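There are 2 protein chains.
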Amino acid sequence: MDKIIIEARVNELATRQENPNVPFIPAEIIRDAKACYDEGASILHYHGRTATGEPEHAASFYLETNAGIRAQCPILVHPTLGYVANDADAMGRFAAVEEMMKDPITAPDFAPMDVGTVNVDWWDPDKNSYTTTNLVYENSTETLMHFADRIKHHGLKQYLVSWNVSFTRQIEAFMKMGVIPAPAYVCFCMTDGISLSGHPGTPEGLDAHIAFLPKDREMIWTAVNYKGNLLLLTEKIIKAGGHISIGLGDYPYLEYGTPTNADIIAKVVEQARALDREPATVEETREILGMNKVRAAA
Amino acid sequence: MDKIIIEARVNELATRQENPNVPFIPAEIIRDAKACYDEGASILHYHGRTATGEPEHAASFYLETNAGIRAQCPILVHPTLGYVANDADAMGRFAAVEEMMKDPITAPDFAPMDVGTVNVDWWDPDKNSYTTTNLVYENSTETLMHFADRIKHHGLKQYLVSWNVSFTRQIEAFMKMGVIPAPAYVCFCMTDGISLSGHPGTPEGLDAHIAFLPKDREMIWTAVNYKGNLLLLTEKIIKAGGHISIGLGDYPYLEYGTPTNADIIAKVVEQARALDREPATVEETREILGMNKVRAAA
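These protein sequences, in sequence, are chains A and B. Per my numbering, residue 50 is the first one in the first sequence, and the count goes up by one each step. Per my numbering, residue 50 is the first one in the second sequence, and the count goes up by one each step.
Since the hints were made in silico from the structure, they are not lab data. Be a bit skeptical, because a hint or two may be false.
One copy or two, it doesn't matter: identical chains are merged, so the pair holds either way.
[To be verified] In silico PhoX-like links for lysine-lysine, alpha-carbon gap of 25 Å or less:
{"#": "1", "residue 1": "K225", "residue 2": "K176"}
{"#": "2", "residue 1": "K52", "residue 2": "K285"}
{"#": "3", "residue 1": "K201", "residue 2": "K176"}
{"#": "4", "residue 1": "K201", "residue 2": "K225"}
{"#": "5", "residue 1": "K176", "residue 2": "K264"}
{"#": "6", "residue 1": "K264", "residue 2": "K285"}
{"#": "7", "residue 1": "K285", "residue 2": "K316"}
{"#": "8", "residue 1": "K151", "residue 2": "K316"}
{"#": "9", "residue 1": "K316", "residue 2": "K264"}
{"#": "10", "residue 1": "K151", "residue 2": "K83"}
{"#": "11", "residue 1": "K225", "residue 2": "K264"}
{"#": "12", "residue 1": "K83", "residue 2": "K316"}
{"#": "13", "residue 1": "K83", "residue 2": "K285"}
{"#": "14", "residue 1": "K288", "residue 2": "K316"}
{"#": "15", "residue 1": "K264", "residue 2": "K288"}
Everything numeric in this text was worked out from a predicted model, so none of it was measured.
Chain A extracted, bound-state conformation (with noise of 0.2 Å):
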């Protein structure tokens, strides 16, 4: 079968209160990066935090981390555009990445879009309350119109988030508009935990995105478990061709001890090595994603 792409989720928003390993500062994911490359992940996702673990947006952090992790590994570079925590401003969130593009040591490799607009409270599945009432995760039509106009400007690659089905079908209409160019590359969001806003992170919530992939567009696919055991879905995953994107941004899997974001990528590669998928090089991310023929056309 096809070689697996495994992406590195280092820290998201996550706490270190279950976790002490979850990477903050530039200098810890730079080390994240660097372990997780060096046990098979070709693509690190990070969020920029404070030394205290609040949501850092500010453009220095990027280039910093960015610049820092090209000096250790060809790790592919995928940060964050914010979240909810940057959504004063939709347009906006995509500032920090004009700032990243300036330097080629600083540039990332994706931009994510988030295709569509849901709510993403905070529940507390002990208590049975959300802990939040107005988090409405907002991506107009428009919105993402400039994000991907900015994304194909700089020549990064789109990298597609999709919560539920109405995310999925708006991906396939950009891919009919040429907004967004084949292969796609989507990430079906699941969650779970304190989480209701994506799928369940069962065989039924992989089953009802997959049984969306539009019929007649190349589209490529990882999965996640935003607050929930990835691990529980990885050997499905794996034989059903799909990509798998983890790590302790997600969830802290005690399950297996105090694991660090290089832990838990070693299990993923096992797994699927003893199910005769190779994790994807770097190299062959990019061929597999189509990459080297986006930067080519920008």
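With the hints as your guide, set chain B onto chain A.
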């Protein structure tokens, strides 16, 4: 099998360009309410419209229409909150219901809650392009809790709409919180043609809704295809134990000439009977949905 609840969705925002039988003004809606009731519908859903078809959300429209329907037949009344056409202030969408509740003769039986947020831009399938780019149908958790509170206060039945799996999960969360009482009545919204916002109106689209009915909560479901031909799916819905919400508001049904709303209801009733499900009367509908209990508790 259980009786089937048939809801007539008579006008939505549909034009008369394709089918001239779409009712706009109160007298036309009242006429269709009676005709659909006579064919076997037990719920009427409608939107306020001007004589030329523009959205019309003045309370007076609903007062006149509801009172007129009550004078004709006992069909259960389910007016819109205005959808995205009344989106300037989400909380304000409920203002017309408050007016309707001042007199029993103008009081509706249902008030809708679209339990989540989704992009609802219009799609042109011929040109492969969006005709709008800024329509976000926003229903924050806080707004929904406000609606639920007012619906409970007035002793109305919640009519819950799920556009995708994220919505159904929020409905389940609200059931755990007690914000949505059992039994919950949920409309699985599928969309086709000029709307890509819900699941596609296919067996796969319906299955991907049904798969997430909570295992341990009482949820009764109906299904709609907004902008698509639901009659292609009614056999499956009837056999699966679902209920049906259908009408010229969603689709002109020109495959069958230029039918009226009552013609469409008659078709569904005929098919349901052939599959051994009798249409539920108004009183049976109230029983199935636990509506007498709701009003008694208010």
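Hint-by-hint comparison with the structure:
no.: 1; hint: K225 <-> K176; in the structure: between (44 Å within a copy, 10 Å between copies)
no.: 2; hint: K52 <-> K285; in the structure: within (15 Å within a copy, 39 Å between copies)
no.: 3; hint: K201 <-> K176; in the structure: between (45 Å within a copy, 22 Å between copies)
no.: 4; hint: K201 <-> K225; in the structure: within (16 Å within a copy, 44 Å between copies)
no.: 5; hint: K176 <-> K264; in the structure: between (42 Å within a copy, 19 Å between copies)
no.: 6; hint: K264 <-> K285; in the structure: both (21 Å within a copy, 23 Å between copies)
no.: 7; hint: K285 <-> K316; in the structure: within (15 Å within a copy, 43 Å between copies)
no.: 8; hint: K151 <-> K316; in the structure: neither (37 Å within a copy, 63 Å between copies)
no.: 9; hint: K316 <-> K264; in the structure: neither (32 Å within a copy, 32 Å between copies)
no.: 10; hint: K151 <-> K83; in the structure: within (24 Å within a copy, 67 Å between copies)
no.: 11; hint: K225 <-> K264; in the structure: within (12 Å within a copy, 38 Å between copies)
no.: 12; hint: K83 <-> K316; in the structure: within (16 Å within a copy, 64 Å between copies)
no.: 13; hint: K83 <-> K285; in the structure: neither (28 Å within a copy, 53 Å between copies)
no.: 14; hint: K288 <-> K316; in the structure: within (16 Å within a copy, 45 Å between copies)
no.: 15; hint: K264 <-> K288; in the structure: within (19 Å within a copy, 28 Å between copies)
Hint check: violations occur at hints 8, 9, 13; the rest are consistent with the structure.
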